[in-house]
Amino acid sequence: MVYDAIIIGAGLSGLAGGIRLALFDKKVLIVEKHTVIGGLNSFYTRKNRIFDVGLHAMTNYSPAGQRKSPLGKLLKQLRFRHEDFRLCQQETSEIRFPEKSLHFTNDFEYFKQEIAEQFPTQMDGFLKLLEKIENYDELSLVSNAPISAKAVLSEYLSDPLLIDMLFCPLAYYGSAREQDMEFYQFVIMFKSVFIEGFSKPEGGMHYILNLMVEKYRALGGEMLMGNGAKSIRIQNGRAIALVLADGTELQAKNILSSAGYLETLRLCDPAPVELESAEPGQMTFMESIFVLDKLPKELGYDQSIVFFSLNTKFEYRSPQIPIDPDSGVLCCPNNFQYPSPLPEGILRLTHQANYEYWNNLSRSDYLAAKKEQRAQALEKLFKIFPNFSQSVIFLDSFTPKTIEKYTGHLNGAVYGAPEKSKDGRTPYENLFICGTDQGFLGIIGATLSGISMANLHILQN
Amino acid sequence: MTKEQVRQAILDILTEIAPDEDIHSISDDGNLRDQIDLDSMDFLDIVMELRKRFNIEVPEKDYEFLATMSSCVNYLFPLLGDRKLAS
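Line by line, the protein sequences are chains A and B. Mind the numbering: the first sequence is residues 17 to 477 in the working numbering, read in order. Mind the numbering: the second sequence is residues 123 to 209 in the working numbering, read in order.
Keep in mind that the hints were calculated from the coordinates and are not lab data. For each residue, glycine too, the CB sits at the ideal point set by N, CA and C. You can trust all of the hints, since none of them are fake.
Calculated pairs, DSSO-like style, for lysine-lysine (alpha carbon to alpha carbon, straight line, at most 30 angstroms): (1) 144(A) x 84(A); (2) 84(A) x 183(B); (3) 174(B) x 269(A); (4) 183(B) x 438(A); (5) 42(A) x 206(B); (6) 399(A) x 313(A); (7) 174(B) x 231(A); (8) 49(A) x 421(A); (9) 49(A) x 417(A).
From the structure, some residues in chain A lie toward chain B, with a derived Cβ separation under 7 angstroms: (10) 40; (11) 41; (12) 83; (13) 93; (14) 471.
Excised from the complex, chain B in its bound form (with noise of 0.2 angstroms):
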């Protein structure tokens, strides 16, 4: 995966969980909590979602890195890097 598409992957898993947002208006260093209104009900969904997708395991201590959408493809691109997007 390219890190667009460890953006694009970020951005489904927003969309799955948070379908009203206006996700298309996320910038990559605000704080995702504030620009999309996300709780602690909603980062675990997110953390569920990139297991059940990607087999990833974000443990408790990483949460911080995905507190924006930079550091969330910085923090996931090196354990993506590596995958082919399904066809």
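In isolation and in its complexed conformation, chain A is listed as follows (with noise of 0.2 angstroms):
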């Protein structure tokens, strides 16, 4: 039997091209090495509770009826109706740095609001840069010569601290490359964040995951979990057999690959001397979840998410030590405007790390590091912010080397390596890549890459 193609990976970007690919009848299969769907939006269980990993909240909001909004379209094209996601919009969100704070909502004209009473001599700078991003066409899929985002931004404003405000959310929750981004990435995650917004299911992430693989499964997709891609077998070019972990040999006319590009040629036997030339990413995090006694809201944590900095100047990149205490992301699930409250209170602690220190530690030293780092990235925090340690009932971290062991991505880079494959072709004409490494940023971004790929390479030929 040979498939019309089989995915690498139940992610978001492979179950997307999977549905695309399952609704007009191709014989599709995804293989997972893992027993969970998600990939780096995944979710895991202990003691009962059931805890989202990957996004703190979806991007790119917005209403119902909307069919050109990036959800409009990821909706449209794997057949979902807006309620079908359960989505709960945020209620307010806050950049907060030193001297000022700016906070922003998903109506973009608050934001606009904000920057205008905190920054009211870089207001004009900020509309003339507002509407080159508005009429930028972030999401061509032709490679450019690569455009700094921090270059432009200061043609546009002269103040750093602005220009460190903006850059900061946008660059955690997105950018593969260290202190700087791509101006088209940092367009895309402009428009997902602020003009757009947050957002969370109702249910978690797995809720939409489920509903996923409920479709999939529904239009004839096939799936295979546990059993992962080991190697894909390379003859004149073309991508000929996938080999499964428990040897089994695949045959498919097409292979979408979502485990990242560098990751995706390392498969490829033999090797393609492009793997030489390839660099993998180095931005990757440790975050700790908290269950509290109480709501967020009664220890004085009224916000969806903060991104903040204690420092005046904003530091994106792989840290020296083993965590950066001194900026970090805290979002606090319960403030999203959910029809009824969640159970317990949560709070989700993110900060830049360091992979090496990380995956160089014996297991015990692990395990200690883990406590103590978590000590420290809190006793930063508590400086700012109210002190929540007597709430605490129950508390988990995970690390680089956790994102590493799930996502498959070297170095547990988050999002990838920094140079993206816009077209996701990769040396060989019948192998592509969706996902992170494809460049397409955020949930919805992942999803509409595997959408876009499916669509580009496999319906359209």
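Hey, can you piece these two chains together into the complex? The hints should help.
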């Protein structure tokens, strides 16, 4: 039996690509090395609680009826109704720096007003930047010479604090590049975070993942869990077979891989020369999840998400130390507009981390280091936020090692490699990539990536 | 299929891919793209649905014939005219 397509990875991009192909009667198989779906945006269970991992919220919120927004495109291409996703919008989020703080909601006018009040001298430049952003074709699949977002921002804005405050949330939620982003990625993130905004599905990320799996299976798509791709056999410039971890060999006309660009090339047998020039990403994170005996609001945490920096200058890079407690992201999942409140208070705290440090620890040192780094992070956090230590009834942390294990990304690089392959092509004519390394960012971006690559390379042929 | 049935088949496809749009208000000669807010992703879906439902291949050079309802019917009628509707 020869599949029309085999998809590597049951994350959002793989599932979305699978649904598109199955919709039009392609014979498609998704292979996933783990027994849990979701990839980068997954979930896990501890003591009867289900915790979402991956992005704190979905970006790109747009209301029902919009067919041209990224969310609208995603819904129509996968034939979901807006209400199927049960999205609950954020309340207010915040960018908190030492001298200033900017709040934003899903109403972009609110954010503009904040900037006008906090940075009155920057407003002219900001409006001009906005015009450039709004007219930019950030979703073009053609790769152009890279343009530095920081360079563009400093053409329009003279206050480095505002530049860093705008950059901080967008970097945290999507940048594979240290200290900068490519401008098209900045535009994708700016629109998805500030202009469109945040929401969370009622029932958590696993609710949407399960919805997608159900649709995919109902359309006749096949899935193989706990048996991932071990290698892709190459002959005459084509992928001729996929070999699974258990040794099974499968044939497919096309392979669509969400494993990452470099990670996919590494599967190829024989290895391509392009492997030597491809650079893995470095940006990875440690996150701690705290379950509380009170609601975050009762403890003084009233924002949906806070992006903070304790220093005026914001650093975004793999830190020299295990984690950088001087900046981070704090998410209060409770502070979204759910129809009925979540059963328990939860806080998620994320920091930039150093992969090498975590990778070199022995098992026993690793557990001690998690505890120690978490304690240091909290000590810094409580300098500017209320202390919630007395209310913690359960906590858990994951590190770059955990991310590497569950996503397969080299270095635990959450957003993949800095160089993206926008058209999804690889050195081989029937092997394509989708997901993080294709370059559309965020949960909606990853999903659209699977859709676009399935359309472009498999359905249109 | 009669021309009216071909027209209905197109409406069925549009209902499937744009369930929120008011397809009954579509005029025969107005541009579909403008009337119900279709983009290139939607046109791919129309072509894919034609392939799936009727086994018709619409090559890319012929996409222009899908611009309005009446041009769709005129283009597809010769291809679908001898088909029987599934009962």
